[in-house]
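**Q** Residue numbers (this note's numbering), protein chains in the order written: chain W, 1 to 130; chain H, 1 to 251; chain C, 1 to 118.
It should be emphasised that the hints constitute simulated quantities derived from the structure, not laboratory data.
C-beta atoms are modelled at their ideal positions from N, C-alpha and C, and glycine is treated no differently.
Hints are supplied without guarantee of correctness; some may be wrong.
As the list claims (entries may be wrong) - Simulated restraints on C-beta separations:
hint	chain 1	residue 1	chain 2	residue 2	range
1	H	Asn-113	W	Ala-115	36 to 46 Å
2	H	Gly-72	C	Gly-117	53 to 63 Å
3	C	Phe-54	W	Arg-16	21 to 31 Å
To be verified - Quick list of in silico lysine-lysine cross-link-like pairs, DSS-like style, CA-CA up to 30 Å:
hint	chain 1	residue 1	chain 2	residue 2
4	H	Lys-169	C	Lys-61
5	W	Lys-5	H	Lys-169
6	H	Lys-73	W	Lys-5
7	H	Lys-8	H	Lys-119
8	H	Lys-119	C	Lys-61
9	C	Lys-2	H	Lys-243
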Amino acid sequence: MAQVKAYVRPMQGWWRRNPYFVRYMFREASSVFLAIYAFILLVGLARLAQGEAAYNAWLTALASPASVVFHWFALLTVGYHAYTWWQVAPKSAPDIRIGGRPLSQMVITAGGWLATLGASALIYVIVRWM
Amino acid sequence: MAEPRTIKIEVLRYNPERDLEPHFQTFEVPFTPDTSVLQGLQYIKDHLDGSLTFRWSCRMAICGSCGKMVNGKPVLSCHTFLRDYYPKVRIEPLDHFPILRDLAIDQTDFVNNKLPSVKPYLMPKDEKPVSEGPFLQTPAQLQQYYQYSQCINCLLCYAACPQYGLNAKFTGPAALALLHRYNADSRDQGWEERAELLDAEEGVWGCTLVGYCSEVCPKQVDPAHAINQNKVNSAMDYFGLLKFLMPRGGA
Amino acid sequence: MKRSNEPIFWLLFGAGGVLSALVAPILILITGIIGPIGPWMPASALAYARVHGFAQHWLGKLLLLAVISLFLFHAVHRIYHGLHDLGLHAGTGAKVAAYGSALAGTLIAACLLLVIGF
Numbered sequence: 001m002a003q004v005k006a007y008v009r010p011m012q013g014w015w016r017r018n019p020y021f022v023r024y025m026f027r028e029a030s031s032v033f034l035a036i037y038a039f040i041l042l043v044g045l046a047r048l049a050q051g052e053a054a055y056n057a058w059l060t061a062l063a064s065p066a067s068v069v070f071h072w073f074a075l076l077t078v079g080y081h082a083y084t085w086w087q088v089a090p091k092s093a094p095d096i097r098i099g100g101r102p103l104s105q106m107v108i109t110a111g112g113w114l115a116t117l118g119a120s121a122l123i124y125v126i127v128r129w130m
Numbered sequence: 001m002a003e004p005r006t007i008k009i010e011v012l013r014y015n016p017e018r019d020l021e022p023h024f025q026t027f028e029v030p031f032t033p034d035t036s037v038l039q040g041l042q043y044i045k046d047h048l049d050g051s052l053t054f055r056w057s058c059r060m061a062i063c064g065s066c067g068k069m070v071n072g073k074p075v076l077s078c079h080t081f082l083r084d085y086y087p088k089v090r091i092e093p094l095d096h097f098p099i100l101r102d103l104a105i106d107q108t109d110f111v112n113n114k115l116p117s118v119k120p121y122l123m124p125k126d127e128k129p130v131s132e133g134p135f136l137q138t139p140a141q142l143q144q145y146y147q148y149s150q151c152i153n154c155l156l157c158y159a160a161c162p163q164y165g166l167n168a169k170f171t172g173p174a175a176l177a178l179l180h181r182y183n184a185d186s187r188d189q190g191w192e193e194r195a196e197l198l199d200a201e202e203g204v205w206g207c208t209l210v211g212y213c214s215e216v217c218p219k220q221v222d223p224a225h226a227i228n229q230n231k232v233n234s235a236m237d238y239f240g241l242l243k244f245l246m247p248r249g250g251a
Numbered sequence: 001m002k003r004s005n006e007p008i009f010w011l012l013f014g015a016g017g018v019l020s021a022l023v024a025p026i027l028i029l030i031t032g033i034i035g036p037i038g039p040w041m042p043a044s045a046l047a048y049a050r051v052h053g054f055a056q057h058w059l060g061k062l063l064l065l066a067v068i069s070l071f072l073f074h075a076v077h078r079i080y081h082g083l084h085d086l087g088l089h090a091g092t093g094a095k096v097a098a099y100g101s102a103l104a105g106t107l108i109a110a111c112l113l114l115v116i117g118f
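Produce the entire structure from the sequences given, and follow the hints as far as they go.
**A** Pasting the structure below:
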């Protein structure tokens with residue numbers, strides 16, 4: 001092919017050009033909230049090691065409006081992570097066949113959502129009543 | 001008979017001999033409920049501007065030639081209809097490829113680099129003479145790779161893949177799906193030959209499971225599934241486990 | 001072609017992804033919302049004695065360590081790759097900072113759990 005001055009389009013702003021990509025970036029960004037939450041738990045663990053007074057101070061801080069607002073955002077974004085995680089989980093599974101027919105990807109996704117509900121119910125019951 | 005409705009088709013134009021940058025040009029094109037986007041482009045070329053350049057061939061979604069970005073989404077233009085975009089539609093060349101002219105992209109990276117790199121041919125354990133007849137395969141064995149063999153190389157998945165757009169060294173959805181197609185074929189024992197590419201950053205590890213490739217594929221090949229199930233295989237291979245599960249005897 | 005070391009990080013990312021998909025929402029709800037301000041959770045649920053007792057038990061330690069460590073490894077993997085998606089060409093330094101911080105968090109959590117004792 002003769003020399004042609006081909007034009008290369010820039011990638012800048014690529015994810016803003018399609019709602020699918022916006023949702024993808026939101027999914028990825030949920031990890032920031034998960035990281036901050038893990039850090040909050042780590043701080044709580046440190047306070048727990050320092051004794052009752054320090055731990056109670058941590059609990060008080062959790063009850064502050066700023067903390068509750070943060071946790072609401074964290075719940076939404078990490079909830080979105082959980083939702084999308086099970087949505088894409090079948091892509092990592094091998095091609096499973098049951099009795100000659102391929103296993104529907106929706107089965108794995110639904111199973112995942114049910115597992116989350118089940119684990120959540122179990123943890124709630126244990127923390128609340130046991 | 002009533003005047004046919006017209007739709008505004010906004011097309012990206014680029015003449016490498018004249019333009020520094022691409023620019024849009026709008027045409028008024030008559031259409032009916034069954035006019036495809038491709039037919040709209042052909043109307044422009046036949047009646048309004050003969051210089052408009054674009055690829056097409058079969059007009060029936062099997063050759064893979066006519067991929068375009070329509071309102072920002074990668075589609076086969078013969079399989080997409082103007083009635084769904086009235087009153088205005090924007091047509092651009094497939095994303096993530098250099099533009100040669102107007103709507104024609106440079107496909108050489110895929111054809112010359114990506115395709116050969118996955119060794120897309122059967123590598124049986126032992127060569128079998130023609131006199132011994134064909135390799136036999138059960139319907140169940142065929143089902144293991146059949147969907148991945150349906151790829152028409154239309155490149156919509158590459159236009160959909162931001163990782164390929166950000167780094168053209170990434171092998172990309174169609175080529176990796178084809179790699180899996182051969183690894184999953186019972187007649188093939190070449191997974192070790194393909195492992196070097198599979199296990200590299202350019203292989204499955206360049207994928208972040210955006211998943212848009214599988215959304216846009218007109219043949220339901222599901223390249224995201226091909227790539228990501230091989231992340232498991234690649235991880236097992238990393239720890240030397242795959243050799244136990246899949247000796248050179250194959251899948 | 002160079003073999004990628006991604007499998008190590010990807011497996012940690014995957015484990016953290018499954019664990020967080022299963023329990024992160026409910027944990028956030030309990031520790032961050034209904035535990036501190038209710039409703040449907042008494043203040044005594046997160047009381048010091050109860051949580052401290054949990055952290056002293058070997059199973060409690062395991063669960064706490066798994067949650068903190070795997071959540072961190074999952075998050076830093078996504079954040080590191082997300083930088084690439086945003087066009088920020090973060091090199092080896094960013095990789096060390098990302099996974100290093102997850103490792104640091106893991107080690108700190110392990111030490112704290114040992115300090116808390118049995």
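**Q** Decide, hint by hint, whether the structure agrees.
**A** Against the structure, the hints:
1. A hinted range of 36 to 46 Å holds for the C-beta pair Asn-113 of chain H and Ala-115 of chain W, which are about 42 Å apart.
2. The hint said 53 to 63 Å for the Cβ distance between Gly-72 of chain H and Gly-117 of chain C, and at roughly 59 Å that hint holds.
3. A hinted range of 21 to 31 Å is violated for the C-beta pair Phe-54 of chain C and Arg-16 of chain W, which are about 45 Å apart.
4. Of the pairs offered as hints, the one joining Lys-169 of chain H and Lys-61 of chain C is violated, with about 44 Å between alpha carbons and a cut-off of 30 Å exceeded.
5. Restraint check for Lys-5 of chain W and Lys-169 of chain H: the C-alpha separation of about 21 Å stays at or below 30 Å, so the hint holds.
6. About 25 Å separates the Cα atoms of Lys-73 of chain H and Lys-5 of chain W, which keeps this hinted pair within 30 Å; it holds.
7. Between the alpha carbons of Lys-8 of chain H and Lys-119 of chain H the distance comes to roughly 44 Å, so the proposed pair goes past 30 Å and is violated.
8. Among the hinted pairs, Lys-119 of chain H with Lys-61 of chain C is inconsistent with the structure: their alpha-carbon atoms are about 49 Å apart, more than 30 Å.
9. Our distance criterion of 30 Å between C-alpha atoms is met by Lys-2 of chain C and Lys-243 of chain H, whose separation comes to about 19 Å.
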